[in-house]
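Number of protein chains: 2
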Amino acid sequence: MTLATSNRVCALLQIEFPLIQAGMVWVSGHKLAVAAANSGILGVIGAGSMRLELLEAHIQKALAQTSRPLAVNVPLLYRHTEEQIQLALRLGIRIFITSAGSPRTYTTFLKKEGCTVLHVVSSPLLAKKCEDAGVDAVIAEGFEAGGHNGREELTSLVLIPQVREAVQIPVLAAGGFSTGASMAAAFALGAEGVQMGTRFVATQESSAHPNFKAAVLEASRYGTKLCMKKLVPVRLLCNPFYEKVHAIEERGGSAEELTALLGKGRAKEGMLEGNWEEGELEIGQVAALVRDLPFTADLVLRIRQEFRAACQAIKEID
Amino acid sequence: MTLATSNRVCALLQIEFPLIQAGMVWVSGHKLAVAAANSGILGVIGAGSMRLELLEAHIQKALAQTSRPLAVNVPLLYRHTEEQIQLALRLGIRIFITSAGSPRTYTTFLKKEGCTVLHVVSSPLLAKKCEDAGVDAVIAEGFEAGGHNGREELTSLVLIPQVREAVQIPVLAAGGFSTGASMAAAFALGAEGVQMGTRFVATQESSAHPNFKAAVLEASRYGTKLCMKKLVPVRLLCNPFYEKVHAIEERGGSAEELTALLGKGRAKEGMLEGNWEEGELEIGQVAALVRDLPFTADLVLRIRQEFRAACQAIKEID
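Protein chains in written order, with the working numbering: chain H, 66 to 383; chain U, 66 to 383.
Chain H on its own, in the form it takes in the complex (with noise of 0.2 Å):
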């Protein structure tokens, strides 16, 4: 039996491979989420930094370029949100991906409208409510994510079979993938796929800032860290401009010095337009086993075959 046949993941999203290119702001556009689908995994666009005309553009652009199943990230943190998905529902996507916000917002909509629904969870406690609230599958976040993260800091190692055991819905990893090894310890702890986002940012095809990539592949040099606990979490490479948020921190800042120093746009200002000194650069910290910058389809057929040897590796342990 194959992967695509005896895998629950692949069965409810009709991918050949249980791996799904996570949706994120300013970098996976139409570009990556096609070249991802064309691979075979999930390709997957991140509605949470495009106004409504510009998701408009990516997905019509998206669904254009390939036949295979694409999905639509949506966190359910910004305004438009429920626009976000009513304009994603009109073009067809039929996948949806939400986060940092409640289960029972729009799983039930979604569900009556016929879409798969999966939901973003940092703890087993919410896995459980999204398992109540009618969603196909959950995605276990770690605190080794990029971006928006958990208060509860749970890594992936921990929090993987705390969520296989909470729900009976396939279980998905993220935090800390970023090859076929690592997708095999997921599946020893429990879950039936993996969502890569930090390792898709670091491809031809993702549309961050040549600059961004380029410090991405230097990570380990900088380090990343979980910080603005005051905020939302949000894991930072460690830039110049995480070290004025870190500043703020050590000395006990309010959040209210904390969201001024934030503005407006850093996000864009350094994932989209390459501002090393003054940008928010989301990133995870397995940043630090990025080395290279592949077409997705050369990437993905890599995690391939180095999940297929690290199985066969443990195979030999007796």
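Be careful, since some hints might not be right.
No copy labels: a pair is met if it fits in one copy or bridges any two.
In silico DSS-like pairs for lysine-lysine, Cα to Cα no more than 30 Å straight-line [to be verified]:
{"id": "1", "residue 1": "Lys380", "residue 2": "Lys193"}
{"id": "2", "residue 1": "Lys333", "residue 2": "Lys194"}
{"id": "3", "residue 1": "Lys96", "residue 2": "Lys329"}
{"id": "4", "residue 1": "Lys96", "residue 2": "Lys278"}
These are computed hints drawn from the structure, not numbers from a lab.
On the provided structure of chain H, position chain U as indicated by the hints.
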């Protein structure tokens, strides 16, 4: 080929199964170390919390009760480190696990005395220094671990592959491991063995106070947090004492203020004497997955069975 003959950690430590019962403050004396050793894994006496006379008594009792290999864990940040090492050597200990200091300090000396030396690392850089210093194997310990922790905050999932790449000597994984399934995950990431601490706190033979053991079994209600980052970062169960630490840190309190709150004997008060309100309870995130207080022999048997089952399950993925 069985693990005991094919695995480098088994060969190095002369054990049946590549698992180490971590040496910990206040909870891992002769009873736990002997039970672990007699179960076919490495039993370790944690010297960190012991005065010389107490350490001598524990080592003597342990050696009288098993002919299997025993190790002593010596954190290099306390007084009497050198006397502890000399004492253990004189009594016949030949496996040392050092941590919280430079691998250069004692490795050459211990190797000349015919000892095996393992050092605990929280970064690939330190792992390389260990190898250069002549250390026999490194224990890569992630952010999720209990007690003292690295400043890098690298989780096990992200740390292990980096350490694996950095050195040729065997890598053991620590931080977040409590089951045979998690051991299989560690092996997928490149580890050749695992060290578990938190899991062994909750055994019949650990000398943790019954109140502390009970709190570990309820840990998913409380959670754990890495704190005291202005002193030496330490992961604590979120009890009332932790809340006091957190309050100081939230308002940017100084290292001096934290030192004053900490005072003396907090860990003993919590872990050995069972003071829930005022004690410092060092424990790993994985406590959330610990739900029983087995005898060590039964626990090790279970972990071996789980490990085999997890490897078997991975094998069946195609």
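| task | Up to 30 Å between alpha-carbons, please classify lysine 96 paired with lysine 278: within, between, both or neither. | result | Close inside one copy (16 Å), not across copies (53 Å); limit 30 Å.
| query | For lysine 96 vs lysine 329, is the C-alpha pair at or below 30 Å within one copy, between two copies, both, or neither? | reply | within (26 Å within a copy, 59 Å between copies)
| query | Is the C-alpha distance from lysine 380 to lysine 193 at most 30 Å within one copy, between copies, in both cases, or in neither? | reply | Only across copies: lysine 380 and lysine 193 sit 29 Å apart there, 32 Å inside one copy, limit 30 Å.
| query | At most 30 Å between C-alpha atoms: does lysine 333 with lysine 194 qualify within a copy, between copies, both, or neither? | reply | neither (32 Å within a copy, 39 Å between copies)
In summary, the structure is inconsistent with hint 2 from the numbered list given earlier, while agreeing with all the others.
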